[in-house]
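Hints in hand, dock the two standalone chains.
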Amino acid sequence: VHLAESGGGVVQPGRAQRLSCVASGFVFSTYALHWVRQSPGKGLEWVALISYNGKDTYYADSVKGRFTISRDNSKNTLFLQMNSLRVEDTAVYFCARDQDGIIPNFYFDSWGQGTLITVSS
Amino acid sequence: SSELTQDPAVSVALGQTVNITCQGDSLRRYYASWYQQKPGQAPVLVFYGTNNRPSGIPDRFSGSSSENTASLTIAGAQAEDEADYYCNSRVRTGYHGVFGAGTKVTVL
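So the sequence lines, in the order shown, correspond to chains A and B. Note that the working numbering has the first sequence beginning at 1, numbered continuously upward. Note that the working numbering has the second sequence beginning at 1001, numbered continuously upward.
This is chain B alone, in the form it adopts within the complex (with noise of 0.2 Å):
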């Protein structure tokens, strides 16, 4: 299969920790990215690869991966963190890529 599995929406109180998760068969061979989209604005690369946090992304974000299981955690949650968050990989085989649906994380 080459989808990828994430939970709908999780809420977390501010300044607290939030994890979300990404699951699928390609990240048995892959590692995944992870990205930040706000309303009506493009996507932000916020973590990839095995531990990578691009320059200007704040370092509560932080990233793991095991077997078929992603995960990025926010740590001390930000109201401005509220957002969508996508995962991404390449698919197991072949140049394709594939998105998780999104989770939608509310700071409360």
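Looking at chain A on its own, in the form it has when it is part of the complex (with noise of 0.2 Å):
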């Protein structure tokens, strides 16, 4: 299983960014996935949730109205489109693979390296 994020960098507060995510190694269309983020020195925050199928989608509180999750199984790649970004959005961000697919449990058994947003003018 392997998971590669790209598009991270510098942005300005208010504009967008987008995250993609290529897995490899597994049949991506059966399994849920997630973003995960970390701020330079703090803790985990898990961001968003998107189903095997790209049907259902679910976000943190913080991101939600701002960013969406989404998934192109015929390419193995995920995204997170990322708008109206804010300072406090700066982290490094995980796509990370639930371990059960069908119905998303939380369990996050593989990991991307991250890449780094940075929010800043």
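Hints may contain errors.
Label-pair distances were calculated between CB atoms; the ranges are [unchecked claim]:
#, chain 1, residue 1, chain 2, residue 2, range
1, A, Thr30, B, Gln1041, 32 to 38 Å
2, B, Asp1059, A, Asn73, 32 to 38 Å
3, B, Asn1019, A, Lys55, 15 to 21 Å
4, B, Thr1093, A, Gln113, 29 to 35 Å
5, A, Pro13, B, Gly1056, 39 to 45 Å
6, A, Asn73, B, Ala1075, 16 to 22 Å
7, A, Asp100, B, Arg1092, 16 to 22 Å
Calculated directly from the structure, the hints in this document are not laboratory data. Please read all numbers here as calculations on a predicted model, not as lab measurements. Where a beta carbon is used, it is the ideal one built from N, C-alpha and C, also for glycine.
In structure tokens:
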């Protein structure tokens, strides 16, 4: 199992950025996936969940209405569209696979290496 | 409440046993999972559910749960176990996740 995030960088407050996570080594379309973030020097924060087929999505209150999680099962790729970025969104963003694909159980059994988003003017 | 509470730091002598606890209302309904994170690295799942250890995780890592408290035990701690440990669970209502603030384990 391999997950690889990309799309990080420095972004101005109020602007948008899209993260990608390319997966390999497993049947991508049968697993729910999450985004988890970690602000510099801080703990982990769950951000969003998408079901195996992309039909159901869920968000942390801190990002709801600004972030959109999506997936392209034909390309084994997970996305996080981040709009109206704030300074407090500065973090390393990890994609993570849910251990139980059909009914998410929030056991994250595989993680990418993370990509850093810095929101700063 | 959707919070999970962990002690900020614990220390353990080399070869001894350490218990890391995690408390929260969500644990009354859902089992916790535990993650080890070393500096500059992604978290690694070390224990989850009722009694599950991922492949490749040493059997000195074990977990337990009672009412609103989950525990991770490292029996015979090794130098390489020095890391931050986070608990996580699904919140009591809805498909949201919550992490504890993490426990820094120092092996003396």
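Going down the list of hints, with the structure as the test:
1. A:Thr30 - B:Gln1041: 32 to 38 Å: violated (27 Å)
2. B:Asp1059 - A:Asn73: 32 to 38 Å: For Asp1059 of chain B and Asn73 of chain A the Cβ distance comes to about 36 Å; the hint holds.
3. B:Asn1019 - A:Lys55: 15 to 21 Å: violated (41 Å)
4. B:Thr1093 - A:Gln113: 29 to 35 Å: holds (33 Å)
5. A:Pro13 - B:Gly1056: 39 to 45 Å: holds (41 Å)
6. A:Asn73 - B:Ala1075: 16 to 22 Å: Since Asn73 of chain A and Ala1075 of chain B have Cβ atoms about 41 Å apart, the given range 16 to 22 Å is violated.
7. A:Asp100 - B:Arg1092: 16 to 22 Å: holds (18 Å)
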